[in-house]
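Each chain, written out:
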Amino acid sequence: MRFNDTVLGAIFLALAVFIIVSASGFHTPPGQKFGPGFFPTIVASVMAAAAIGLIVKGLVGRRGARLVELDAWFSQPRLVVQGASVFAFLLGYLAFSEDIGFLIVAPLLLWALIWLLWGHPMVALVIAAGASFAIHQFFVQVLLVPLPWGIVPYFKLF
Amino acid sequence: MLDGLVNTANLAKAFGLVFDPKTLAIICLSSFYGLFFGAIPGLTATMATALLVPVTFFMDPVPAIGAIIAATAMAIFSGDVPGVLLRIPGTPASAAYTDEAYAMTMKGQAELALGACLVFSVVGGLFGALALALIAPALAELALKFSTFEYFWLACLGLTCAVFVARGDPLKGIISLCFGLAVAQVGIDVVHGTPRFTFGSISLTGGIDLVPALVGFFAVPELIRNVTANHGRVEIVAQNIGSVFRGQWELFKRYPLNCFRGNLIGVLIGALPGAGADIAAWISYAVSKRFSKEKEKFGTGHPEGLVDAGAANNSALGGAWVPALVFGIPGDSITAIVIGVLYMKGMQPGPTVFINSQDLVYALFIVFFLANLLMIPFGWAMIKASRRILSVPREVLMPIILLFCVVGSFAIENTLFNVWVMLAMGIIGYLFEENGIPTAPAILGLVLGKMIEENFLLSMIKVGGDVTGLFGRPIGGTLGATTLAIWILPLAWLAWRRLGRGGHAT
Amino acid sequence: MKASLKTLIAGTALAVLATAGVAQAAWPERPVTIIVPAGAGGGTDGTARLLAKQLQDELKQPFNVVNNGQGGGIVGHTQIATARPDGYTLGIVYNYYQWKMLGQADINHTMFAPIAIYNVDPAALLVNVNSPFKTGKEAFDALKADASKYKIGCGGSCGGSWHIPNAELFIKYGIDPKKPVMVPSAGGALSNQDLASGGLDLAVGSLPEGKPLIEAGKLRPLYVVSSARQGAPFQDVPTAKEALGVDMEGGAFRLVAGPKGLPADIVSKLETTLEKIWKSEEFQNGMKQRNFGTKWLNSKDTVAFMQAHEASMTETMKALGLAK
Chain D
1 MRFNDTVLGA
11 IFLALAVFII
21 VSASGFHTPP
31 GQKFGPGFFP
41 TIVASVMAAA
51 AIGLIVKGLV
61 GRRGARLVEL
71 DAWFSQPRLV
81 VQGASVFAFL
91 LGYLAFSEDI
101 GFLIVAPLLL
111 WALIWLLWGH
121 PMVALVIAAG
131 ASFAIHQFFV
141 QVLLVPLPWG
151 IVPYFKLF
Chain W
1 MLDGLVNTAN
11 LAKAFGLVFD
21 PKTLAIICLS
31 SFYGLFFGAI
41 PGLTATMATA
51 LLVPVTFFMD
61 PVPAIGAIIA
71 ATAMAIFSGD
81 VPGVLLRIPG
91 TPASAAYTDE
101 AYAMTMKGQA
111 ELALGACLVF
121 SVVGGLFGAL
131 ALALIAPALA
141 ELALKFSTFE
151 YFWLACLGLT
161 CAVFVARGDP
171 LKGIISLCFG
181 LAVAQVGIDV
191 VHGTPRFTFG
201 SISLTGGIDL
211 VPALVGFFAV
221 PELIRNVTAN
231 HGRVEIVAQN
241 IGSVFRGQWE
251 LFKRYPLNCF
261 RGNLIGVLIG
271 ALPGAGADIA
281 AWISYAVSKR
291 FSKEKEKFGT
301 GHPEGLVDAG
311 AANNSALGGA
321 WVPALVFGIP
331 GDSITAIVIG
341 VLYMKGMQPG
351 PTVFINSQDL
361 VYALFIVFFL
371 ANLLMIPFGW
381 AMIKASRRIL
391 SVPREVLMPI
401 ILLFCVVGSF
411 AIENTLFNVW
421 VMLAMGIIGY
431 LFEENGIPTA
441 PAILGLVLGK
451 MIEENFLLSM
461 IKVGGDVTGL
471 FGRPIGGTLG
481 ATTLAIWILP
491 LAWLAWRRLG
501 RGGHAT
Chain S
1 MKASLKTLIA
11 GTALAVLATA
21 GVAQAAWPER
31 PVTIIVPAGA
41 GGGTDGTARL
51 LAKQLQDELK
61 QPFNVVNNGQ
71 GGGIVGHTQI
81 ATARPDGYTL
91 GIVYNYYQWK
101 MLGQADINHT
111 MFAPIAIYNV
121 DPAALLVNVN
131 SPFKTGKEAF
141 DALKADASKY
151 KIGCGGSCGG
161 SWHIPNAELF
171 IKYGIDPKKP
181 VMVPSAGGAL
191 SNQDLASGGL
201 DLAVGSLPEG
211 KPLIEAGKLR
221 PLYVVSSARQ
231 GAPFQDVPTA
241 KEALGVDMEG
251 GAFRLVAGPK
261 GLPADIVSKL
271 ETTLEKIWKS
281 EEFQNGMKQR
291 NFGTKWLNSK
301 DTVAFMQAHE
311 ASMTETMKAL
321 GLAK
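Protein chains in written order, with this note's numbering: chain D, 1 to 158; chain W, 1 to 506; chain S, 1 to 324.
Calculated directly from the structure, the hints in this document are not laboratory data. Virtual Cβ for every residue (Gly too), placed ideally from N, Cα, C. Treat the hints with care, since some could be wrong.
To be verified - Pairwise CB distance ranges, derived in the manner of DEER restraints:
#, chain 1, residue 1, chain 2, residue 2, range
1, S, 176, W, 497, 55 to 61 Å
2, D, 74, W, 295, 35 to 41 Å
3, W, 376, D, 72, 54 to 60 Å
4, W, 433, D, 30, 57 to 63 Å
5, W, 475, D, 75, 45 to 51 Å
6, W, 295, D, 142, 42 to 48 Å
7, D, 156, S, 289, 29 to 35 Å
To be verified - Listed next, the in silico DSS-like pairs over lysine-lysine satisfying Cα-Cα at most 27 Å (straight line):
#, chain 1, residue 1, chain 2, residue 2
8, D, 33, S, 318
9, D, 156, S, 53
10, W, 145, S, 60
11, S, 53, S, 276
12, S, 151, S, 137
13, S, 60, W, 345
14, W, 145, S, 149
15, S, 144, D, 33
16, S, 269, D, 156
Kindly produce the complete structure, drawing on both the sequences and the hints.
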């Protein structure tokens with residue numbers, strides 16, 4: 001998604017204004033010249049100045065250009081699905097890993113993603129299951145990272 | 001302390017401790033562990049160390065410390081490999097020159113890039129080990145004189161690097177830098193204890209963790225680019241990785257100064273608390289570009305910066321051990337963890353450790369040299385294996401890397417919140433790259449944001465808000481003057497040249 | 001490409017074929033996570049790992065230490081308090097009430113199921129070896145004369161474990177605790193380093209944290225806020241009573257707790273096991289080796305201790321003008 005410089009500048013200007021407004025609410029302790037709002041204000045002011053520069057540049061340089069340009073792949077449904085699949089994978093993990101457990105959620109997501117991108121569903125299933133299990137064992141048994149078990153009963157191989 | 005004399009009895013004992021079969025086995029195993037951790041994006045050298053701690057608790061001192069030294073040295077090198085082949089840095093320390101290295105790959109010079117990463121990592125690592133063994137006490141003595149004033153200027157110098165490393169539209173570079181600085185301000189500020197931009201979330205009070213942010217910024221856009229590429233697959237350019245050592249001697253002969261400069265910057269930055277291999281790489285890459293005769297070639301696949309920065313991040317590892325060992329002050333995030341291990345092993349950091357446990361200190365030095373020498377065969381094997389690993393279809397590899405990114409982000413603090421951070425930063429990183437906003441300044445802002453603000457505010461508390469107080473101490477004043485000179489001189493020079501040119505015209 | 005794929009498949013198939021049995025028994029029947037709201041390698045982490053190792057030996061299940069030092073410990077404390085009270089997530093709780101007083105996070109004793117206090121470290125006051133102050137009395141008399149001239153490091157956040165007991169001493173000695181320039185930092189090590197570099201006049205902190213620089217001949221401890229002297233190598237550091245004539249105890253504490261609602265049988269099983277561990281030579285030696293103080297309070301006394309901590313924090317923070 002490519003934005004025109006003017007739009008881009010406006011987005012960052014809005015962010016900078018938000019930071020400055022929030023920072024003005026930070027309480028500076030009595031007797032201090034520089035409080036917690038000082039640095040955010042400086043940083044956001046510089047950001048705002050650069051953003052205004054970008055707006056001007058966009059207005060001068062690319063008059064008549066479209067405000068937002070979609071990438072080429074947005075016109076190909078298959079690529080859109082593939083692009084979205086990365087986010088679906090992450091959101092799926094975030095939503096279900098705690099309650100259902102790594103050992104179920106990770107292989108399923110991995111299987112779906114490999115199948116979608118590569119094909120060969122059966123081989124993909126074996127790879128997904130194997131890779132998830134290997135990662136799980138390495139982190140849980142060797143490095144003692146508490147990956148969520150969810151509904152999977154606890155077990156130990158070695 | 002050491003009085004220049006080496007106690008041969010203790011040295012012999014130290015060799016015995018290191019070249020014990022069990023110790024050697026542990027060092028080799030942790031080398032593989034480090035190579036693996038470094039090569040997988042999202043798994044960093046710091047994390048490799050943190051996750052080794054529980055394992056080392058049940059080992060003798062020398063194997064425990066050997067395991068950590070070997071793992072971190074290998075991880076910092078190995079982080080370069082996915083940078084060269086996939087344009088995803090394996091660890092933050094490789095981020096500074098990932099674009100450069102990948103550009104070399106695109107030009108068909110993957111061997112040269114990988115070889116340079118390996119050879120100069122080894123050289124840097126050995127230099128770091130030498131510095132640790134020889135000049136440790138003197139260097140730490142200097143670093144110890146640094147107060148908040150000095151650190152403020154040091155952070156300013158670091159930010160100045162952003163100007164040198166940035167490419168493309170300067171306006172967008174400034175926005176990117178400010179964005180990174182703004183993200184660094186999320187959370188409770190250490191100085192005044194005010195929760196900022198947390199929107200009432202407890203997780204956000206802790207701020208944005210660097211590692212998931214980096215993983216998101218680098219890995220997610222790369223993954224999206226891959227899966228949305230028109231022909232479905234982007235082939236790895238370097239299909240044949242031949243002799244990685246070919247051409248390295250020529251490279252060394254061409255850039256001897258760069259190599260030495262990178263080593264030195266690495267050791268110095270490493271020894272300064274709060275700055276580690278990643279910042280050493282950024283600064284030395286920027287220095288390399290600044291003083292290069294072929295500035296215009298930077299960013300187009302030019303090995304010069306790789307020589308500097310590749311050496312710097314490995315020599316920083318040795319440098320970081322200097323204050324850690326001599327004063328118990330960590331030089332970077334890795335040695336912050338190491339200090340705890342040293343305590344547990346009865347090697348309490350401090351000048352006395354050189355007297356009480358001289359054999360163990362010697363053993364530590366020997367492990368440092370050994371690990372970096374082992375890097376030559378192991379790193380070579382790693383590069384060879386990486387080709388095999390990467391010959392797995394990308395459509396299979398990418399999802400697995402994505403899962404690693406998720407698990408790696410989670411494992412930093414064991415919270416799903418960091419996976420959210422990775423996702424959010426991934427989307428932002430993708431939009432940044434699509435719109436030609438450079439990501440490097442944002443990362444630098446994120447790394448240095450807290451350091452610069454904290455040290456400024458603390459200095460102001462100390463001097464009662466008087467800004468000239470920043471120049472009040474000898475070292476701080478010198479650093480400040482240097483920083484201002486770096487800012488002003490190029491402008492003055494530019495103005496002078498313009499005037500001069502104007503004069504010729506009339 | 002084909003060969004590598006085959007290897008991959010063969011390997012993964014093997015891994016999948018491996019199966020495992022599920023054990024059934026009383027708590028704990030699977031690994032227990034101990035949340036440490038501090039980074040790996042620090043003091044809290046060290047004591048937690050010492051406990052975890054022995055808990056593992058006693059209860060025959062892994063006790064995994066998990067670090068979360070974000071937000072100066074707030075995030076980790078919240079994680080402990082909001083975990084499922086099933087006995088599989090416990091944590092180390094330390095001085096927490098300043099967050100409530102500073103308006104950062106409402107963390108208090110009612111959110112936890114306290115099990116036992118196992119460690120208390122007294123606060124101390126440190127100076128640079130080049131400082132004109134040779135004793136606590138000299139420093140305090142100078143502060144009493146004009147406190148606003150001096151910059152004091154807080155050894156972490158101001159209003160934290162080390163600052164509060166020292167501020168109480170100031171009040172008892174007749175020094176206005178609001179007068180000196182109090183300088184916060186992101187931890188004791190940084191504060192001590194700043195003191196050694198000459199950036200501060202004094203720093204509150206603890207002896208174990210200051211040890212490397214004290215032994216390096218860079219810093220000098222003036223007193224320790226404890227009613228008895230500390231063990232070697234700090235046997236020469238006077239107590240607050242010897243140095244100033246004010247008998248007081250104060251500093252950092254560490255205790256084991258679970259989330260509120262932890263079943264009573266798990267609490268009592270842990271309490272008994274921890275007491276046995278605390279009394280063991282292995283634990284006592286491990287703590288002594290790293291200069292950590294030991295103190296034992298059972299579950300009931302720990303609750304009372306936490307209430308007292310909250311009351312004294314409220315009072316001192318108000319006197320300091322830090323309460324929000």
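Comparing the hints with the structure gives:
Distance hint check for residue 176 (chain S) and residue 497 (chain W): the Cβ-Cβ separation is about 59 Å, which falls inside the suggested range of 55 to 61 Å. The given range of 35 to 41 Å is respected by residue 74 (chain D) and residue 295 (chain W), whose C-beta atoms sit roughly 38 Å from each other. The hinted window of 54 to 60 Å between residue 376 (chain W) and residue 72 (chain D) is violated, with their beta carbons roughly 45 Å apart. For the pair residue 433 (chain W) and residue 30 (chain D), the beta carbons lie near 45 Å from each other, so the given range of 57 to 63 Å is not met.
At roughly 59 Å, the beta carbons of residue 475 (chain W) and residue 75 (chain D) sit outside the given window of 45 to 51 Å. In this structure the hint that residue 295 (chain W) and residue 142 (chain D) lie 42 to 48 Å apart at CB holds, the actual value being about 46 Å. Against the hinted window of 29 to 35 Å, the Cβ-Cβ separation of residue 156 (chain D) and residue 289 (chain S) comes to about 32 Å, which satisfies the hint. Restraint check for residue 33 (chain D) and residue 318 (chain S): the C-alpha separation of about 23 Å stays at or below 27 Å, so the hint holds.
For the given pair, residue 156 (chain D) sits about 19 Å from residue 53 (chain S) by alpha-carbon distance, which is consistent with the 27 Å threshold. Using a Cα cut-off of 27 Å, the hinted pair residue 145 (chain W) and residue 60 (chain S) is violated, with the two alpha carbons roughly 49 Å apart. With a C-alpha separation of about 14 Å, the suggested pair residue 53 (chain S) and residue 276 (chain S) falls inside the 27 Å cut-off, and the hint holds. Of the pairs offered as hints, the one joining residue 151 (chain S) and residue 137 (chain S) holds, with about 17 Å between alpha carbons and a cut-off of 27 Å not exceeded.
Straight-line distance between C-alpha atoms of residue 60 (chain S) and residue 345 (chain W) comes to about 25 Å, which keeps the hinted pair within the 27 Å bound. Restraint check: the Cα-Cα separation between residue 145 (chain W) and residue 149 (chain S) comes to about 22 Å, which is no more than 27 Å; the hinted pair holds. Between residue 144 (chain S) and residue 33 (chain D), the direct Cα distance comes to roughly 26 Å. Compliance with the 27 Å bound is thereby established for this hinted pair. Our distance criterion of 27 Å between C-alpha atoms is met by residue 269 (chain S) and residue 156 (chain D), whose separation comes to about 24 Å.
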